[in-house]
Amino acid sequence: SAVISQKPSRDICQRGTSLTIQCQVDSQVTMMFWYRQQPGQSLTLIATANQGSEATYESGFVIDKFPISRPNLTFSTLTVSNMSPEDSSIYLCSVGYGGRSGETQYFGPGTRLLVL
Amino acid sequence: GDSVTQMEGPVTLSEEAFLTINCTYTATGYPSLFWYVQYPGEGLQLLLKATKADDKGSNKGFEATYRKETTSFHLEKGSVQVSDSAVYFCALSFYGGSQGNLIFGKGTKLSVKP
Chain A
12 SAVISQKPSR
22 DICQRGTSLT
32 IQCQVDSQVT
42 MMFWYRQQPG
52 QSLTLIATAN
62 QGSEATYESG
72 FVIDKFPISR
82 PNLTFSTLTV
92 SNMSPEDSSI
102 YLCSVGYGGR
112 SGETQYFGPG
122 TRLLVL
Chain B
-11 GDSVTQMEGP
-1 VTLSEEAFLT
9 INCTYTATGY
19 PSLFWYVQYP
29 GEGLQLLLKA
39 TKADDKGSNK
49 GFEATYRKET
59 TSFHLEKGSV
69 QVSDSAVYFC
79 ALSFYGGSQG
89 NLIFGKGTKL
99 SVKP
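One line per chain: the protein sequences are A and B, in this order.
Using the working numbering, read the first sequence as starting at 12 and increasing by one per residue.
Using the working numbering, read the second sequence as starting at -11 and increasing by one per residue.
Extracted from the complex, chain A is given alone in its bound form:
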């Protein structure tokens, strides 16, 4: 399995500001994903972070709101832009690792975001 870390672990932000979340993996992985877990809800995929190209976004998520970088095979960032209280969630990165790519995913500890 992979060891995944996220920074920050939690933050409280004011509406209208932006927050960049970092995800670091201890080994090179092809597939990295960003999920959102709203309070009391399940996880929803935001986008797939592609190394060397633009991220692929799921329906309902756009690059202007959630820009993603993937500069190499061990690191990715997700920015939550122009935040509103509705963006208060846990944001998790995950990696597809081992076996058939993308089938088994390991998750980071998450970033707990509260927007006031």
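A portion of the hints provided could be inaccurate.
Stated by the list, open to error - Distance condition first, Cα-Cα at most 30 Å in a straight line; then the derived BS3-like pairs of lysine-lysine:
#1 K40/B <-> K56/B
#2 K76/A <-> K94/B
#3 K97/B <-> K18/A
#4 K48/B <-> K65/B
#5 K94/B <-> K18/A
#6 K48/B <-> K101/B
#7 K101/B <-> K65/B
#8 K94/B <-> K44/B
#9 K18/A <-> K76/A
Unchecked claim - Stretches of chain A that chain B covers, calculated by requiring three or more beta carbons in the stretch to come under 8 Å of a beta carbon on chain B:
#10 48 to 54
#11 115 to 127
For the record, the hints were derived by calculation from the structure and aren't laboratory data.
Just so you know, these numbers come straight off a predicted model, no measurement behind them.
We put the CB at the ideal spot given by N, CA and C, even for glycine.
We have chain A already, so just place chain B on it with the hints.
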């Protein structure tokens, strides 16, 4: 579209009780199936998985069998402990080609009382 349905929670059990959390799925092909667990204040951890029909995934005393005929992947444990208190998520995913995203159920919160 593809989806996962889990039994509604919360589930409250006494220690050493038998646990079943139901999970059924709808999918156009033959996905891999997963159970993830989220302990209080922590991220998701992979608990077990099965990649084809009749496979049984097992870990930490938990088991789940991939039943294609009933499109189910129910989670079971013979004797739960207080430390098993967590939220359990059933999920499916398809191999490669696609974006490889996991489709999650809504989660079932389990509380085990001493």
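Going through the hints against the structure:
no. : hint             : result
1   : K40/B <-> K56/B  : holds (8 Å)
2   : K76/A <-> K94/B  : holds (25 Å)
3   : K97/B <-> K18/A  : holds (27 Å)
4   : K48/B <-> K65/B  : holds (9 Å)
5   : K94/B <-> K18/A  : holds (26 Å)
6   : K48/B <-> K101/B : holds (19 Å)
7   : K101/B <-> K65/B : holds (15 Å)
8   : K94/B <-> K44/B  : holds (22 Å)
9   : K18/A <-> K76/A  : holds (19 Å)
10  : 48 to 54         : holds (count 3)
11  : 115 to 127       : holds (count 7)
Of the numbered hints listed earlier, not one is contradicted by the structure.
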